[in-house]
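A.B. asks: This is what each chain is made of:
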Amino acid sequence: MSTFSVVTSAVEDMSTRLGVISPEVAELHGQAGVHSSAAAETSLHGALSSLMGDWAAALPHFGLSGERLQAAMQGAAAHYRAADTAVGDAAGGSDAAQGS
Amino acid sequence: MTPSPTPITDPGVTVATGDPEAISTAGAWHHKLASTLESHSSLIRSTASVLLTGWDGEASKQYQSLSATMSGHYEVTAAEARAVGNALKRFSAELGSAQGQGKVALRNAIHWMNEVNAWQDKLAAAEKAKATAEAQVKTAMQAVVAANHAASVPGAPSGAVAAMTQASNNLQAARNALAKAETDEATATKKLKNAADHFTMWQKKGGQALEEAEKAAGVAGLALGAVAISSPPVAGAVNAFVNGMSGSGTASVFAGFQVAGGGGGPLANWQGLFQAGAGASATATGSASITGVNGDLSAQAFAGEQGSVTGNVGWSQLGGTGSVSELGGADAEGDVNGKFGLSGIGAQASGSVFAGAEADASGTANLGPGSASGHVGVSAGIGAQASGSVDVSAHKIGVSWNVGATLGLGLDLGGSVSVDPSKVVSDVNKVMPWNW
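Same order as they appear, the protein sequences are chains R and D.
First residue of the first sequence: 4, per this note's numbering; consecutive thereafter.
First residue of the second sequence: 270, per this note's numbering; consecutive thereafter.
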């Protein structure tokens with residue numbers, strides 16, 4: 004059994020708040036390439052270059068995880084909104100039946 | 270005399286290369302990344318926390334679990350980024366310092382290299398002058414000896430004495446030149462040694478600065494090498510969460526309050542789930558995905574209270590245990606206060622107790638037995654924002670609620686309901702076999 008007593012709009016607000024993750028990570032991801040050669044002409048160059056490559060590969064997943072968490076929340080809201088509609092329909096039908 | 274040395278052209282100091290500013294900027298980027306990931310972690314955690322109090326069920330558990338996992342992963346990654354940022358900032362500062370020291374060393378090394386070259390030249394010149402002077406002294410001495418011999422011969426010409434005097438003067442001049450050359454040689458030797466000492470010192474300082482830069486790079490390299498970056502559990506975990514909302518299932522949604530608990534005393538106690546407010550039970554078949562929800566829903570709406578109550582009745586003479594199940598059959602009095610008496614109690618061992626009640630703003634509603642879904646015009650309050658209080662005791666389960674807005678029908682609900690568990694038990698008693 005599941006119960007969901009939070010306003011759907013609040014859920015959507017939560018979802019909207021989660022929406023900052025992806026663009027913020029994307030912005031950082033866009034800047035990552037610049038720093039791969041920051042340690043050029045030092046013995047750290049290889050390590051930093053490799054690390055920046057790792058960030059460049061991993062950050063999109065962080066953005067994606069934020070997107071998917073947000074979408075999952077939106078899915079939950081939609082899921083319960085659909086239930087809401089169904090209940091409303093059922094209630095309307097019941098009222099109509101009782102009235103008849 | 271040694272041949273003149275080749276001038277030194279290499280100061281022997283290498284300034285550490287690299288761009289401390291660029292490295293510092295990379296460090297700042299890592300700090301920004303760390304701060305961003307920390308804020309995301311906090312956001313995910315706080316979002317889940319907000320939902321924690323209003324959302325029960327499997328999907329909720331999965332969401333909480335997923336949020337905790339993701340939040341933790343973001344935090345760990347932020348810590349890694351922070352560590353890299355610190356390492357790069359430190360390396361940047363140390364490299365900058367080493368480069369500064371290296372440049373000073375190089376500048377001084379060049380200066381003293383030039384001094385060495387200059388004093389080498391002067392020494393060579395002094396040595397050459399000395400050799401020349403020595404030869405001149407030797408020649409002048411021979412001239413003096415010859416002049417003396419010529420002047421001592423009986424009947425020597427009158428100019429012989431003057432020639433002897435001139436030869437003596439020439440010898441003195443040659444000796445003076447030799448002395449000066451020797452002084453110049455000594456001075457040049459001393460100055461050359463001093464210049465060479467300084468040159469060596471600055472070369473050493475330059476080497477130490479370069480070594481410091483290399484050491485700093487090594488420390489930073491260790492820090493960077495220790496970093497382990499892994500992608501967040503985006504695919505599996507989020508999919509698990511979404512899948513948790515898929516398939517067939519039964520969900521009960523309501524606006525109001527729910528309490529799960531138990532109470533009572535030696536004679537009567539109860540245990541169960543109690544919900545009051547407006548809501549619906551819905552059976553859903555379908556799937557939820559990140560793009561939407563598909564499937565069918567069938568729903569049963571209710572307004573009032575529902576729950577399952579298992580009552581244990583410990584009569585001293587008879588004893589017994591029973592569970593009640595009821596759907597429908599309840600009285601609701603008043604819009605702000607309701608008394609729910611149970612009727613039509615079944616004898617099944619398990620089930621749900623449902624005291625249907627109207628909960629609209631107008632006031633009284635009487636719902637007859639079996640009319641569970643009757644008069645539920647205000648029942649579609651899914652997702653309503655609710656606040657209120659719960660009062661649970663052995664003789665009363667009281668719930669007051671204030672439903673700000675229902676999304677289904679847009680009605681405002683307010684009021685309270687209460688149920689007397691002892692009355693429930695009493696009703697149980699009526700239908701128990703010992704009363705049959």
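I should point out that these hints are in silico values taken from the structure, not numbers from a laboratory.
Wrong hints could be hidden among the right ones.
Some chain R residues near chain D, calculated using beta-carbon distances under 7 Å [to be verified]:
1) I24
2) L31
3) A41
4) A42
5) A50
6) S52
Nothing here was measured: the structure is a model prediction, and the numbers come from that model.
Don't be surprised by glycine CBs; every beta carbon is placed ideally from N, CA and C.
A.B. asks: Would you mind marking each hint as holding or not holding in the structure?
C.D. replies: Going down the list of hints, with the structure as the test:
1. I24: holds, 5 Å
2. L31: L31 of chain R check passes; min Cβ-Cβ to chain D is 5 Å, inside 7 Å.
3. A41: Check passed: Cβ of A41 of chain R comes within 4 Å of chain D, closer than 7 Å.
4. A42: Hint holds; A42 of chain R Cβ to chain D Cβ min 6 Å, cut 7 Å.
5. A50: Holds, because the Cβ-Cβ distance from A50 of chain R to chain D comes to roughly 4 Å (cut-off 7 Å).
6. S52: violated, 10 Å
When held up to the earlier numbered hints, the structure conflicts with hint 6 and nothing else.
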